[in-house]
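If you want the building blocks of each chain, they are given just below.
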Amino acid sequence: MAIFLTLLTVGVISTLFYTPVPEELVPKLEWAALGLPLALLLWQMVQISRKGAEKQQQDKPSAPETQTSAAAVEQDPHKLQDAAVIQFLSRLQEKGRLIDFVMDDMTPYEDEQVGAAARIVHQGCKEVMGDFFKIAPLHDGAEEDSITLAQGFDSASYRLIGKVPEQPPYTGVVLHRGWITHSVNLPRVSAVDLMEDDAFVIAPAEVEIESTQQG
Amino acid sequence: MPETLIKYSIGIDLGTSNSALAIAAIDSNEPAHSVDITQLTSRKGVGEAAVLPSCIYLATEEEQKHLPRIPWQEEHSCRIGMFAREHGAEVPERLITSAKSWLCNSHNDPYQPILPWQSPLEERKISPLEAQKFYLAYLRHNLEHHLQQQGEELDLRKCQVTLTVPASFDEVARLLTAEAAEAAGWGEVTLLEEQQAAFYHWLDTNVETWREQVRAGDVILVCDVGGGTTDFSLIAVTQKEGKLHLERISVGDHLLLGGDNMDLALAYTLKAEMEQNGKALDTAQFLALIHACRQGKEALLNDMELRSYPISIAGRGASLFARSRSVQLQRAHIEQVVMDGFLPLCGIDAIPEEISAGLQEVGLNYTADPVISKHLAQFLVNSRRNIDSGITLGAELNLCHSHARGTEFVFPSAILFNGGIFKADAVRQRIMELIQGFCPDQPLRQLNNETPDLAVARGAAGYGRTVARKEGIRIKAGTARSYYLGLQSAMPAVPGLKPRLKGVCIVPQGMEEGTEYLLEGREFGLMTGQAAEFSFFSSTTRAGDEMGTELDSIDELDESARLEVTLEGEERQRLPVQLLSRFTELGTLELWMKHQPSGKRWKIEFNLRGQEQ
Chain A
4 MAIFLTLLTV GVISTLFYTP VPEELVPKLE WAALGLPLAL LLWQMVQISR KGAEKQQQDK
64 PSAPETQTSA AAVEQDPHKL QDAAVIQFLS RLQEKGRLID FVMDDMTPYE DEQVGAAARI
124 VHQGCKEVMG DFFKIAPLHD GAEEDSITLA QGFDSASYRL IGKVPEQPPY TGVVLHRGWI
184 THSVNLPRVS AVDLMEDDAF VIAPAEVEIE STQQG
Chain B
1221 MPETLIKYSI GIDLGTSNSA LAIAAIDSNE PAHSVDITQL TSRKGVGEAA VLPSCIYLAT
1281 EEEQKHLPRI PWQEEHSCRI GMFAREHGAE VPERLITSAK SWLCNSHNDP YQPILPWQSP
1341 LEERKISPLE AQKFYLAYLR HNLEHHLQQQ GEELDLRKCQ VTLTVPASFD EVARLLTAEA
1401 AEAAGWGEVT LLEEQQAAFY HWLDTNVETW REQVRAGDVI LVCDVGGGTT DFSLIAVTQK
1461 EGKLHLERIS VGDHLLLGGD NMDLALAYTL KAEMEQNGKA LDTAQFLALI HACRQGKEAL
1521 LNDMELRSYP ISIAGRGASL FARSRSVQLQ RAHIEQVVMD GFLPLCGIDA IPEEISAGLQ
1581 EVGLNYTADP VISKHLAQFL VNSRRNIDSG ITLGAELNLC HSHARGTEFV FPSAILFNGG
1641 IFKADAVRQR IMELIQGFCP DQPLRQLNNE TPDLAVARGA AGYGRTVARK EGIRIKAGTA
1701 RSYYLGLQSA MPAVPGLKPR LKGVCIVPQG MEEGTEYLLE GREFGLMTGQ AAEFSFFSST
1761 TRAGDEMGTE LDSIDELDES ARLEVTLEGE ERQRLPVQLL SRFTELGTLE LWMKHQPSGK
1821 RWKIEFNLRG QEQ
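These protein sequence lines map, in sequence, to chains A and B. So the first sequence is numbered by the numbering used here: it starts at 4 and just counts up by one. So the second sequence is numbered by the numbering used here: it starts at 1221 and just counts up by one.
There may be inaccurate statements among the hints.
As the list claims (entries may be wrong) - Pair by pair, the computed Cβ-Cβ distance ranges are:
hint, chain 1, residue 1, chain 2, residue 2, range
1, A, His185, B, Arg1605, 16 to 24 Å
2, A, Pro140, B, Arg1605, 54 to 62 Å
3, A, Ala145, B, Asp1645, 21 to 29 Å
4, A, His185, B, Lys1378, 52 to 60 Å
5, A, Pro140, B, Gln1338, 45 to 53 Å
6, A, Val187, B, Cys1566, 44 to 52 Å
7, A, Glu211, B, Ala1751, 47 to 55 Å
8, A, Ala202, B, Arg1694, 49 to 57 Å
No lab work stands behind these hints, which were simulated from the structure alone. Virtual Cβ for every residue (Gly too), placed ideally from N, Cα, C.
Based on the sequences and whatever the hints tell you, model everything.
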């Protein structure tokens, strides 16, 4: 369910980048585009990192430092979950400048500037998504298709709205095709990170050093 | 170790820009599969990818504290892989790339710590050989780790390990690669040419049908354009007693030219356009532009309907809206820069331009002429020269004569493409068109390679399985070059005139694995306890030379490392010795001096101290 909802939102955000949006709707859509995915990504990351935490505890009993980390995780499994989400955000920022996009004030800029920025976010985030997930539409047909869902249909894959009777078969129109990921390949968060102060750093400040000092 | 105990065949593709690993179970007939490579994917995460970027980033002490650890790495100061490539691009003095290309650079000693090239961080530098060792050790740990996760231990005594090298590598570079593998804990590895490995992969994936897809008389061009290097090989199909045989009959020169050059050329073109509009780009923005150009190039090549690909480059600060710049990568850019710049149609007599300027910066020997088409044409002409000089095959080959220009060359009947840029149909079509143009009335076809970026590692694993099982088809190859000793001609001394060197063939081209030859009729009187030096040359176009063939001049030969031998002995005396060359089962060349009466042997070492030009 979590994955379904998240992907739906991912779908919404990428659709937003591509569809011309009426002027008066821009502020609302901004909030939808920004708030929804972040909240849901957060939730999904929590789910996934919980699995990750279990896995890491299972298969890393060897090195002494991971043992202490595993102990730390046992004490506070939330920390690892938080670190996993931050790590994912970090990647979206690094490649897709997502945090810059969301945190900046959009109002003073022309659509052209917003569009240029959106391309960076779209391209980068798409790359990150492609690295970590294998995302495909859930419903094979097109949107606006008629559909009949018989008894025993996969109820996790369809959200029914409108006048929904008590029992199938349900007949209706596909409004949104939905999204599914066929695999999840998230980078593992090193438990060692939890011991460090930088666990909450999403993107470090960048400093360019002009010349190398020889010592 | 009896062969029957071999359990796995492992293939390693140690690439100039990317490396890959594949494994095949000996008792299975499935094609080899790739082993994912665990690596630092970003500043905060560890993940898996099918390839490992061959980049080393020298992390500062502070950074080492914060970077996540990978499951096995003990050495934290040198980080390898995706993170190294991405982050290191912005910190070039700490980034090592293309270490492999330094192994066949005769002007630098591969044992000297010279990388990162031109970095002021003298105390952190490592040698090209050590960098190769790092990658190889990393791949070994990775395999160990992945087998462990499946509940298995990596026992190299039960593995046939095949490591690929470019066909154009000379014996010295091959030897260095084998040495790095041994130092990295792989033990003795078998060397295989990358272009042959790609062909073995094709055989493996067409096990049922390959005999129908080729026929006697075919010559197959393996056209391999990687990120930073280009290599060509020709494989001939012949028939003996009703059976098909394969023989690698020619290899090209090592060209430091590839797909990355195209991305770079596109990026420079767009950079110039952006700067004309008053938008200067800094280093990081230019790197982002190169990356975007690569994606744009792929998008435009894969979808011919697409007219342009929009690119936005972010400013350095946090404000994305205020500082982003846009530019369009147009189809015309692809046509002009990639197709006409690197892959134009040309005649068979086209000759690549050499650098004419007297002074060239010391460094990697980047190919001067970026036109891949011309190098390909030259290769087909040189191959013909090589074949005419003495290869005897069991079938008529498709030799072609260009009537208009009077140039003789080999016309391949089929092409096997390998390397990332050939994922795009348009690029393959261009090469087909180019070669068809050399000989319009002869048929030309394409052999299918679904995975042009992983075929080499998989093909190497497949080859290893063939070796371990002692069954299945092998490509007859042997040494790709012939080798020569430079000897001074006996002539009266003339002031101001250097005595000319003549060449004596000591390793004929195609010398097979597991054979040795004695240089008959020529004795060297060497003093014991004193180092003797010889100059050493090679050629890819003199297949006809046999052991002992004399060349009046060494002008057409390529210079290789010098040879050095010291006959150890108690008293200083002059010993008559003979030269013995041996090409081992593992694919490495050994040269020995042999004293016939006593049967004593001394190994001749390759002297790799940088030679001055």
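Against the earlier hints, flag every one the structure doesn't satisfy and list their numbers going up. 1 and 4
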